[in-house]
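> Here is how the chains run, residue by residue.
There are 2 protein chains.
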Amino acid sequence: MEQATKKTEPRNSVNGVNVDDLFGTIDAVKKTPVIAKFKFRAENQWIDGGHNRTTIKHFYGTQQDHKHKEPFVLDADEPPLLLGRDLGPNPVEYVLTALAACVTTSIVYHAAAKGVAIRSMESRLEGDIDLQGFLGIRNDVPRGFKDIRMFVKIDADAPPEKLDEIIQLGPTYSPVFDTITRAVPVSVKLEN
Amino acid sequence: MEQATKKTEPRNSVNGVNVDDLFGTIDAVKKTPVIAKFKFRAENQWIDGGHNRTTIKHFYGTQQDHKHKEPFVLDADEPPLLLGRDLGPNPVEYVLTALAACVTTSIVYHAAAKGVAIRSMESRLEGDIDLQGFLGIRNDVPRGFKDIRMFVKIDADAPPEKLDEIIQLGPTYSPVFDTITRAVPVSVKLEN
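Protein chains in written order, with the numbering used here: chain A, 673 to 864; chain B, 673 to 864.
Chain A extracted, bound-state conformation (with noise of 0.2 Å):
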């Protein structure tokens, strides 16, 4: 009977994930694994001091290129503290913003394959630097994040117990947690 009844919804969503549309992606991906090639862009201006502007604008994936509705566009600075304006977030905060953002998603959308409803989610994040390594004070303190924490308080259709089981769905499947807590290679090179 459930089955039925699920078969005539047009929409079969759990956390706001169409998960009909998820196994359908999963199934098309083990039969093409080439689709899940994607490619993410960016395009940076400087504007002054600390001030640059990022947009957003188009990707790669399922073989060909796809436009966002409308371009991202994202303001960066410093605050006066570090010598900027304070126009905008810091590189380093829009590090911790991708990093909530995709832990949260990662978390969501592994539930909702689970079939775990989720009512509510939050989290707070803390990350720690040495600025004596940006300065170029001394070479043996890293110019990154020496830690970072987060912190996830959820409410779930599960019981207590299983809940630190559905939010280390985030930590496993994540793109940025692993791009974090993975050396991977970044290279910077002039363009004419």
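Derived by calculation from the structure, the hints in this document are not laboratory data. Certain hints may be false.
No distinction is drawn between identical chains; accordingly, a pair holds when it is met within one copy or between any pair of copies.
[Stated by the list, open to error] DSSO-like cross-link-like pairs, simulated, lysine-lysine; straight-line CA separation at most 27 Å:
1) LYS711 - LYS825
2) LYS729 - LYS818
3) LYS834 - LYS741
4) LYS825 - LYS703
5) LYS786 - LYS702
6) LYS741 - LYS861
7) LYS786 - LYS741
8) LYS729 - LYS711
9) LYS729 - LYS786
10) LYS703 - LYS834
11) LYS818 - LYS834
12) LYS739 - LYS834
13) LYS786 - LYS739
14) LYS834 - LYS729
15) LYS834 - LYS711
16) LYS861 - LYS703
17) LYS709 - LYS834
Put chain B on the given structure of chain A with help from the hints.
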């Protein structure tokens, strides 16, 4: 003479960076290294499906808490192809934003410290991800970026053969470049 002239200027600015303040900061950190220990923070609220919202309000540095002039609010979502509604950049696009902004700012600040004036700078970035990882189809495929490439165009007060040296100040000093290219520990914990 030049020295005397500079002293009468209220702001000794190169590339929009007050280099007197920059060298002042470096001297202060050398004397009292603990002031260079920063904590950056973010809060995230899940909304629905791939849509969630990060708020950046405050950070810790120079042994005290600091508030941004106003909170920065950043929405993330997935494009329809990845089962979202395209209401914001997706998390890995935020990683590229962070990297673009940080490499750019690192070039600008360190060129300023060297007295190299930059007239204009722009960049484009591309990163490869195979979504077989995120989808849990193959465990030998990384979930995150396999490789990221950044291409920088710069017009600076330097001979052409020195331009690559200037842009390499980015990867040399950028906290986000370091965070991505080094394995940084991240913990994700349930909070009651």
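> All the hints need checking, so say for each whether the structure fits it.
Each hint, compared with the structure:
{"no.": "1", "hint": "LYS711 - LYS825", "verdict": "between (32 Å within a copy, 21 Å between copies)"}
{"no.": "2", "hint": "LYS729 - LYS818", "verdict": "between (32 Å within a copy, 21 Å between copies)"}
{"no.": "3", "hint": "LYS834 - LYS741", "verdict": "neither (38 Å within a copy, 40 Å between copies)"}
{"no.": "4", "hint": "LYS825 - LYS703", "verdict": "neither (37 Å within a copy, 41 Å between copies)"}
{"no.": "5", "hint": "LYS786 - LYS702", "verdict": "within (19 Å within a copy, 53 Å between copies)"}
{"no.": "6", "hint": "LYS741 - LYS861", "verdict": "neither (30 Å within a copy, 35 Å between copies)"}
{"no.": "7", "hint": "LYS786 - LYS741", "verdict": "neither (30 Å within a copy, 42 Å between copies)"}
{"no.": "8", "hint": "LYS729 - LYS711", "verdict": "within (12 Å within a copy, 31 Å between copies)"}
{"no.": "9", "hint": "LYS729 - LYS786", "verdict": "neither (32 Å within a copy, 34 Å between copies)"}
{"no.": "10", "hint": "LYS703 - LYS834", "verdict": "neither (33 Å within a copy, 50 Å between copies)"}
{"no.": "11", "hint": "LYS818 - LYS834", "verdict": "neither (30 Å within a copy, 32 Å between copies)"}
{"no.": "12", "hint": "LYS739 - LYS834", "verdict": "neither (39 Å within a copy, 36 Å between copies)"}
{"no.": "13", "hint": "LYS786 - LYS739", "verdict": "neither (31 Å within a copy, 40 Å between copies)"}
{"no.": "14", "hint": "LYS834 - LYS729", "verdict": "neither (39 Å within a copy, 32 Å between copies)"}
{"no.": "15", "hint": "LYS834 - LYS711", "verdict": "neither (35 Å within a copy, 31 Å between copies)"}
{"no.": "16", "hint": "LYS861 - LYS703", "verdict": "neither (36 Å within a copy, 36 Å between copies)"}
{"no.": "17", "hint": "LYS709 - LYS834", "verdict": "neither (33 Å within a copy, 36 Å between copies)"}
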